[in-house]
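**Q** Letter by letter, the chains look like this.
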Amino acid sequence: MKKPIGARLLAVFGALALVIAACGGDSGGTPEECEADEFGCVTVAAGDPIKLGSLLVTTGANSSLGLDSQYGVELALDYWGDEAFDGTGGQIKGHDVSLVAEDDGCSAEGGTAGANSLAADSEIVAVIGTSCSSAALGVADTIFSEAGISIVSPSNTGPALTAEATHQPFYLRTAHNDKIQGAAVANFAYNELGLTTAATIHDGSPYADGLQQVFADTFESLGGTITKQEAIQVGDTDFNSVLTDIAADSPEFLYFPIFVAEGGLITQQARTIDGLADTVLAGSDGMFTPDWIQAAGAENADGVYISGPDLAAFTGDTDFYNNDFLPAYNDAYGEPQSVFHAHAWDATNMVLTAIESVSIEDGDTLYIPRTALKDALFATSDFPGITGSLTCDELGDCQPSATIAVVTVENGEFSEAVYSEVGSLEG
Amino acid sequence: MSRLPRWARVGLLGGFIVIYLGAVGMLESFSARPIVTGVIQFSVVLIAVVYMSSGYLAARPGKDELESNPRRSAPLAGVVAGALVGVFVIAMTLLAEAGYNPRDMFIAINPALLDILTFGQSIWAGLVIEVVLGGVLGLAASYLYTSSPNTRSIVVTTLTTVVMVALAAPLFTVMFDGLGIPDSWLFQREGLTVIGAIVVATATAFLKWYLLKTGGARKAMLQVPKVTEKNINLTLWLAAGVVLTVLPWIVNTFISDVLGTVGLYILLGLGLNIVVGYAGLLDLGYVAFFAVGAYSIAVLTANTSFLVGGTVNAPAAEGFMNFWVALPITIVIAVIIGVLIGAPVLRLRGDYLAIVTLGFGEIIRTLVLSDWLKPYLGGPQGITQIPPPPLGPLNTRDPRILYYLILAFVVISFFIATRLKYSRVGRAWAAMREDEDVAEGMGISVVLYKILAFVMGAAVGCLGGAFFATKLSVANPGSFTLLVSINVLAVVVLGGMGSIPGVIVGSLVLVGLPELLREFGEFRLHIYGIILVAIMLLKPEGLIPDARRARELHHEDEEPITDVAHVAIAGGHE
Amino acid sequence: MTAPLSLNRNGHSLTTNVSSRNYRILFERLPVRRIILITLALVISYGVIVGTVATLQTGRYTTADWVNLFVAGVARGSVYAIIALGYTLVYGILFIINFAHGEVFMAGTFTTFFIASGLSSTGVLNQYPIPSLILLFLCSALVSMLVAVILERVAYRPLRGAPRLVPLITAIGASLFLQYTFRGFYGAQVNAYPNIDILQGTISLGGYNVQKSQILVTLGALLLWLALFFVIERTKLGRAMRAVGEDREIAALMGINVDRTIISTFAIGGALAGAAGILFVQLFNSVWFFMGFIPGIKAFTAAVLGGIGSITGAALGGLVLGILEAVGPILFLTGLGIPSPNQLQPIISFGILVLVLIFRPGGFLGAPEEKRA
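Chains as they are written, first to last, in this note's numbering: chain H, 1266 to 1692; chain P, 249 to 822; chain E, 171 to 543.
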């Protein structure tokens, strides 16, 4: 590939000139808020819709998680403005709201590609996403923050995303931080059940690894002993070795916050290990589905504790959730596959409210200053959502406190909450 | 089966293929992708291609026949295929009405699919439509069969081009927007408009006709006075250079990012091509070197690396070293690991080597994931905050700048790969690949040359990994699964083992297209599987074959696999 | 005077004095490979011995623990062994690795899931467990056999005589194709295979509690293996298979229908894989489209360990691999103070494979390796 350097430079400069000229053309006559804003404004011309993005996992093995959130976003857009689930959304200051959906692939690559795709569209105002923490951490959160696009995640729970050292300025989430859930399970085991020894298993996913680590740290700080922290591989089927290894210390509590397939097999095989006969088993939201009970076998699943965000204790408008939201969801998409549609609904409404408050009308044209939008989102306080009242802290956690419920399985069905705790990040 | 006449067999096969496409969910997914917006979807195009292929195949005489009656057999085959599909729809509907919903087992056999296959009509009307469609398309195929090769070539090229352009509509829209050319007359909602389809079809048909008449573009140009072979080559290289240089500024950052990914796979493909294509060693664990490269760069440059005392939650102020210092170190690490892995196992026979390398890939993935090495490699969370390569005042986080960087390394690797191929080493590899014993007898140290190939592949793979990590700014175990090895292998195999241009085409088709065609994402590996099998059966030398390799693969062809080959032709492969 | 007879064994003239050539000879003769191998062997043996001794010294694990692990390993290894037979049979006759064999195993098992859940929801499964189990075995074997036969007909037959790399890549493609075909058919979710009540629980065997399902699986595998052994050694088909494996052309000249023999081989291997699937789900009751991949790779490893081409070798390899996988991580790694040893199990499985191939390329029972082009 030989090409004269001169021609190459010429081409680059030519292209640059085009781009600069194109950018320059836009800036005439914009409000001064836009001039002042570091990232400028999104300009929505007369008759054009306001474009939101979504970056959720909608294909592959984790698609049930992402699609559930996606449906939450779609319902929120439908309900917005006209307060009815009628298939048509409302408007913000005379503009429709449209959604550009991308897939985060539940991976760093997917997060990069999807985030670049959305960030390349200069009309995208804000993004609801990502589904998986691995698609956000250091990837989507950074790309959007560099582009000045606010991103609100309905289901990232990884602690690092809102840790002081790694938080990106445009990143927020309505999902609870795993710090809350891990600590709640530890409190439940130590204080409620009065157990002092525990072991954990993770499956090599960042989610399970992070959650069991928070659990272990809290459990030890409460005065308990962690006998062993084990790990398995996704796709394995035989867990006799790992369970035998754990049973050698006879822990009183075994916490494995993993997913349906391996979670089911571990539950089943743990029942056949003599040393674990008296051990209390527990998992988290990854197994909080009837599929897991089926995979484990009802008789094996009985008595296992499962933690998750407490929908029944949503301090928000729960009547609305049960009477209006869920029926509309069921009509449109069938049974929910996770609980994060509620967080996605809240995230969407938070974003729409913030857009409404910061956007500037100029004739029929709407200007949305990007930094001001971000500031408005971070200033969200006592926002009435269906997951509770949302108040965002300076690191982007909009659920600084969340209610975590622990349920158990009785006769092959999930019970009512046997334990419920309002955890907070300060605690 | 063998008692049935040929048209019936071919027709049944076609019908089964349509049912298969439906049962695996492809038809339903692809019905969301318009080819000509509001007129025809990709799912319908697929069905039509299958019917026409059945007709075309039926039109050909069978093995024992001297001649055939295309006008009769081709439409009959189409009718049989259509009838089978229609009957299938009726059977499924009746089953569901009787309380045995086929959907309980086959999740894709649902009302949406039946709707597609009946074109929204009742099941009986659907049967009629399918039969008529099959018959008409079969008849069309028979005309295609009896027409002159030139006409056939024009028709097939035109139809294929229209479909391709329509599928790539989102890409074209972005490019036209970037250039400021209005395109709403051409494209509409991810497909062509009617006018657009006519324009593209006419243009392609004319161009193809003209090229056929004049005997190819090169020949046509040479007829112009003062144009020489050398001038054309120079112009082509120049044009390619200019296009590659300005490309990121025409397309948006997303497509630049995709181009960066394609570039990475070209890099990986060039590396694996040395191992698989030149030396003939099947390496199924290429991801191991990709991971080594990514993690080496991560450990050496990231703010969260243990070398500077950082963690995921508490990054240090700055990494241990600069990217450009770390890169050569990374390559040295890869070379050492390549020798360590290669030396013990390279004496093994080819297929054992495949499994052993697959095992090494898994071992490396397990290691980077493990709790054991978590203090150093971050375990499941991986290493984050890998800084972009410093490059003067340029922001290398921008996908467009990163594109140039990757392009530069692709060009260098391209150059090295080309020189290697025709060097003494390259000839030694070729000799070894053709016959190890003879090569050994000729004084080629087989083990030494094998290790050399393996190590060169390792170095290039590692380079790819290093750029991958800086591109994502994250290295975590989720990115280093067996799939990467399979992706790269598919890239090399599709383009043609040993062929350098093949790697580029392979990456564009297998890595670039799926990024742009979201509907295909779900079926990416499914289609990879089909491609690997189909290429090996029909054209083992790949799309852009390497001459020497093609000779090797064909010198002992005994029975031609004509049947399947013609499906491909009718299916529009040029 | 002609050249002095000062040539060494390799034919290099010792009197050549072009310096670059000397370096080359030096490098070629430097036993790099041997040095690496010996170091590798020493390091690994040292690690294994130290780890084992240290683990046993801790006294963390009771004899009952070891017995449990061992029995679980035997059960799991029996399944590997039966799947491995499919690899070994095909390799013995065609010298290709049927990489898609794991998917053949998946196809039968996944398909019978729907029959099993039908039987389970109507209560038949627990009312008539033995007829149900036989039905499931037959269906699974039939489906897997069909898939294997189609695979041979479509993907491998046209490639006979092609360079070895070609069928291997085809096999990888076929493997992906089958996985995603069944994913498209039956969905991507993990399904729980219904349990049979009478197979749950444990019985006491020599003072140790052993799970009934593990015993059933081991016995079932033994029966299947004996049946195959009989077919190969005692029937006309078996003789034909051995003859074709020995020399295809001469076998054809002797009046053996080579095509039919090859397809029968695939059919038998497929049927065994399908049957192994029903054993597999008695141990691990989950089925999904990817379930064949890992057992497939492991079974291939088992076949290579035992000596590919040998039926007894496949059984031996399966058992050794199963037991080492169950016992190995704890026994070798815990003592070395490595956290989460069970996560590192793939390192043990593939490590064994690599070591066996390096030091005994023919496997335990295989003939010494001969080179094939």
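Read the hints as simulated data drawn from the structure, not as lab findings. Ideal placement from N, C-alpha and C gives every residue a C-beta, glycine not left out. Incorrect hints may have been included.
[As the list claims (entries may be wrong)] Beta-carbon label-pair distances, calculated as ranges:
| id | chain 1 | residue 1 | chain 2 | residue 2 | range |
| --- | --- | --- | --- | --- | --- |
| 1 | P | Glu-313 | H | Asn-1595 | 40 to 48 Å |
| 2 | P | Ala-373 | H | Ala-1310 | 41 to 49 Å |
| 3 | E | Leu-392 | P | Tyr-348 | 37 to 45 Å |
| 4 | P | Tyr-670 | E | Arg-330 | 32 to 40 Å |
**Q** If a hint holds in the structure, say so; if it does not, say that too.
**A** Structure-based check of each hint:
1. Checked against the hint of 40 to 48 Å, the pair P/Glu-313 and H/Asn-1595 fails, with Cβ atoms roughly 60 Å apart.
2. The hinted range of 41 to 49 Å is satisfied by P/Ala-373 and H/Ala-1310, whose Cβ atoms lie roughly 46 Å apart.
3. At roughly 38 Å, the beta carbons of E/Leu-392 and P/Tyr-348 sit within the given window of 37 to 45 Å.
4. Take P/Tyr-670 and E/Arg-330: their Cβ atoms lie about 33 Å apart, and the range 32 to 40 Å holds.
Hint compliance for this structure: hint 1 alone is broken.
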